[in-house]
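K.L.:
Given next are the chains, with one letter for each unit.
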Amino acid sequence: MKVTAQPSADTLTLLLDGELDASSAIVLDTELAKPDILNYRKVLVDCAKLSYISSAGLGVFISHLQRFQDANVKLVFFNMQEKVFNVFEILGLDALMTIVPSAAEAEAA
Amino acid sequence: MPQRLLSFLLPFSLLSWGVLLLSALSHSGAGPWLGTWPDWATQLAQGAFVLGVFLYYRYRPSPLQGQAFIRLLRRLLAGPGLLALGCIGLHLLERLMKNQPVFGSNSLLFTSIYTLNLGLFVIFLARTNYAWRALVLFRSSPRLQREWTIFEVLLGATLLFRLVGVNPPNYLSIPLVVGLGLYGIYLSGHQKWVAYLSQREKWRAVLLQAGLLFSVLVFVQYFRVTQVDPQLIAPQPQYAFLLLTAFFSAFYALMGLLVTFFNLPIADVIEQRRNEILRLQRLTQIIQRGQTTAEVYRILLESAVQTVQADAAWLDLDPGHANVEAAAATQYHNLNPAQADDLRTRLRGHDLPEGEFITNDLNARVGFEGTVQEFRSLLQLPLRGLHFNYGMLYLLKVKPHTFDREDLSILQTFTSQAVLSIENLELVRTSLENQRTQEELKIASQVQDSLIPKNLPTDNWFDISSHSLAAKEVGGDFYDFLHLPGRRLAVIIGDVSGKGVTAAFHMAQMKGIFHSLMQENPLAKNERDKFPVPSRFMAQANAALTHCLEKSSFITSSLYIIDYEQGGFVFARAGHCHTLYYHALREEVFYFESTGLGLGIIRNESYEKHIKNQFYDYSPGDVMVIYTDGIVEARGGDGTDEYGEDRLKLRLEESYFQEAEDIKNFILNDLNAFTLGHPIHDDQTLLVIKFKSAQPPPLA
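Protein sequence lines, in the order shown, are assigned to chains A and B.
In short: position in the first sequence from 1, add 3, done, that's my numbering.
In short: position in the second sequence from 1, add 9, done, that's my numbering.
Quick caveat, the hints were computed from the structure, so don't treat them as lab data.
Ideal Cβ placement from N, Cα and C applies to all residues, glycine included.
Hints may be right or wrong, so weigh each one.
[Said to hold, decoys possible] With a Cα cut of at most 25 Å, we get these calculated BS3-like pairs of lysine-lysine:
1. A:Lys37 - A:Lys5
2. B:Lys560 - A:Lys45
3. A:Lys5 - A:Lys45
4. B:Lys520 - B:Lys463
5. A:Lys86 - B:Lys658
6. A:Lys5 - A:Lys77
7. A:Lys37 - B:Lys560
8. A:Lys86 - A:Lys52
9. B:Lys618 - B:Lys520
10. B:Lys539 - B:Lys621
11. B:Lys560 - A:Lys77
12. B:Lys560 - A:Lys5
13. A:Lys77 - B:Lys618
14. A:Lys77 - A:Lys37
15. B:Lys621 - B:Lys560
16. A:Lys5 - A:Lys86
17. B:Lys701 - B:Lys658
18. A:Lys52 - A:Lys37
[Claimed, not checked] If you want the footprint, here are the derived chain B segments under chain A, 3+ residues with CB under 8 Å:
19. 556 to 569
20. 582 to 592
21. 610 to 619
Let the hints inform the model, and build the full structure from the sequences given.
P.N.:
Written out as structure tokens, the structure is:
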């Protein structure tokens with residue numbers, strides 16, 4: 004699992020590459036837990052190369068969800084593979100998080 | 010055999026000596042009643058006596074017990090040595106009495122004593138020879154043992170010279186005797202035992218061997234004198250044999266004496282080496298006695314000091330790794346902490362080498378300029394472990410230039426042995442701890458097992474079969490049943506995110522929440538409201554979990570309340586896997602499409618907006634398959650393929666007509682075939698519920 008952060012003016016794009024499971028969840032948590040991440044208006048998560056997400060991986064996003072909302076930072080997922088989207092959907096997270104098909108839509112969101 | 014031979018040899022020797030005495034007396038004119046015996050009889054008696062005595066000592070148990078060399082020498086001196094004394098005594102007595110005619114013929118007395126002394130001499134030689142054999146063969150090679158046997162056989166052969174009554178010509182006998190003498194010298198070179206003596210023992214060995222040499226000389230002198238005595242009428246004894254054995258006895262004693270004597274100057278070095286080995290052994294044994302790490306360090310310091318004879322020493326342990334209490338992290342020997350502190354600071358101030366080194370004059374060392382150190386020599390040695398250093402050992406001596414590489418290498422053996430002991434102790438400790446944890450996990454597993462319902466609800470309108478398997482000792486999956494009044498049954502299934510002990514705790518919590526929320530509400534206005542509907546239950550459970558679930562954990566769950574009277578069920582899905590359903594009338598298998606958020610994701614009242622009830626009417630023959638993601642996400646193939654919802658659906662399509670138990674087994678068999686060779690990585694739970702008509706349909 005590789006997490007690449009690409010900051011721009013008011014947007015931070017996180018590229019996830021690989022499988023997000025209990026061991027790699029720590030890497031992502033470290034990235035999301037950085038205090039200055041709340042200075043961005045939007046955090047976009049590019050899931051194009053995310054091939055699998057476990058409950059521990061979901062737990063990382065869930066644990067930061069409230070913090071992002073409180074700070075008015077939008078969390079947007081895009082380019083999500085169907086298999087991964089299913090996991091979000093079954094848990095009911097699609098109703099809670101913004102998940103859009105493409106980068107363009109993510110920018111616009 | 011030797012035992013029987015021994016009991017025969019003793020009387021045989023005595024008898025032959027008696028015969029020898031009689032024959033000797035016959036020559037000295039004891040009386041006409043004895044006559045004069047032929048020479049060959051004397052020779053034969055002599056030979057038999059010598060043979061008997063030598064064989065007797067040959068087959069006796071070895072005089073050397075263990076490494077009691079000094080005892081062997083002492084007994085040899087106390088026995089044969091006294092014999093020699095007796096020999097002198099007899100000789101003097103005979104000299105005193107030979108002018109007293111009272112005792113009859115002088116020649117008679119002389120011959121008697123001579124024969125007696127000859128007997129004593131033979132016994133002396135036999136004992137000494139076989140004592141030397143024990144020393145020569147001490148820790149010997151098989152080759153040396155063969156060489157000794159050849160020596161014995163050759164010596165025995167010289168006995169025959171006289172026995173057969175022929176005197177071999179000199180050109181044959183002299184080289185043979187000289188050759189055997191040289192052979193004896195060669196054998197005398199085997200003095201391995203001397204190395205095993207301590208310094209004190211060596212001194213004693215020297216004295217004892219000198220005593221033995223003296224005994225041999227006394228005998229030899231006696232026979233030299235008596236040989237030329239005109240009173241000796243008896244035939245000549247077995248000179249070749251006695252000469253050779255006497256020579257060997259004396260020469261071996263002489264060699265032993267010399268070897269021991271010249272070993273004396275290096276005795277302390279050998280002793281020191283022996284002590285080093287003993288200390289190393291002690292260090293090794295500590296671990297077997299299960300002593301503490303602190304003790305190992307203490308013994309290391311002690312042994313190191315004694316081995317190199319250091320004047321002072323201290324041991325700095327790394328409290329992070331050495332696994333000792335902070336108070337025991339530094340140990341001193343003959344040194345006060347302030348001195349050690351001073352040395353440590355000075356050494357550290359000038360880039361201390363990481364490894365071992367020797368400073369031969371501290372006064373001249375960088376960092377010590379202008380100081381006058383009490384200790385001039387310093388040896389520093391790290392306690393190297395596999396991954397890190399456990400600490401550093403410092404040894405000090407007052408005099409400069411007193412440590413050498415030799416000290417360093419023996420100390421390195423000590424430290425590595427100590428580290429090995431420490432690491433072994435650590436291993437033992439962790440394995441004990443692991444064992445305890447395993448035991449506790451086993452108990453946890455048993456407790457959790459008791460939380461899973463064993464007796465599935467039974468009624469004539471449905472049929473239930475269940476399966477659950479945890480990936481580790483304990484897991485986060487759960488299911489439960491509760492009969493509600495009015496022929497209703499509550500079925501719950503759930504999955505706590507994560508695995509292992511944490512998940513198991515939350516699973517137990519969830520079970521508690523289920524049973525406490527599914528209590529009859531006495532204030533309810535109508536019968537149906539006495540128990541919470543699934544969505545209400547989920548909202549309440551979510552609220553209850555708010556404070557007991559850590560931030561990144563969540564629980565997915567589905568609650569079904571099946572109502573037989575109404576022939577339907579209501580359920581709510583809180584982020585749990587979709588329910589798989591076979592509809593008997595439509596003959597169709599499908600997944601319920603419903604929305605609902607997992608528990609613990611939103612931790613406020615707004616959760617209620619995210620959970621819905623779904624109502625459904627069932628008909629007899631319908632099958633409901635409830636499961637956790639451990640089933641559909643089970644891995645097979647190359648490790649990335651998942652079992653999947655589609656495959657599960659296909660299996661139900663093939664098996665819906667069977668009993669619940671058979672459907673479950675059919676699915677599990679397929680799952681096992683799919684995951685063959687892959688470890689289960691998530692807890693698996695599978696429930697199959699088959700609805701039936703209340704009464705069996707009437708026979709057509």
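K.L.:
Among all the numbered hints in the text so far, which are the ones the structure does not match?
P.N.:
none
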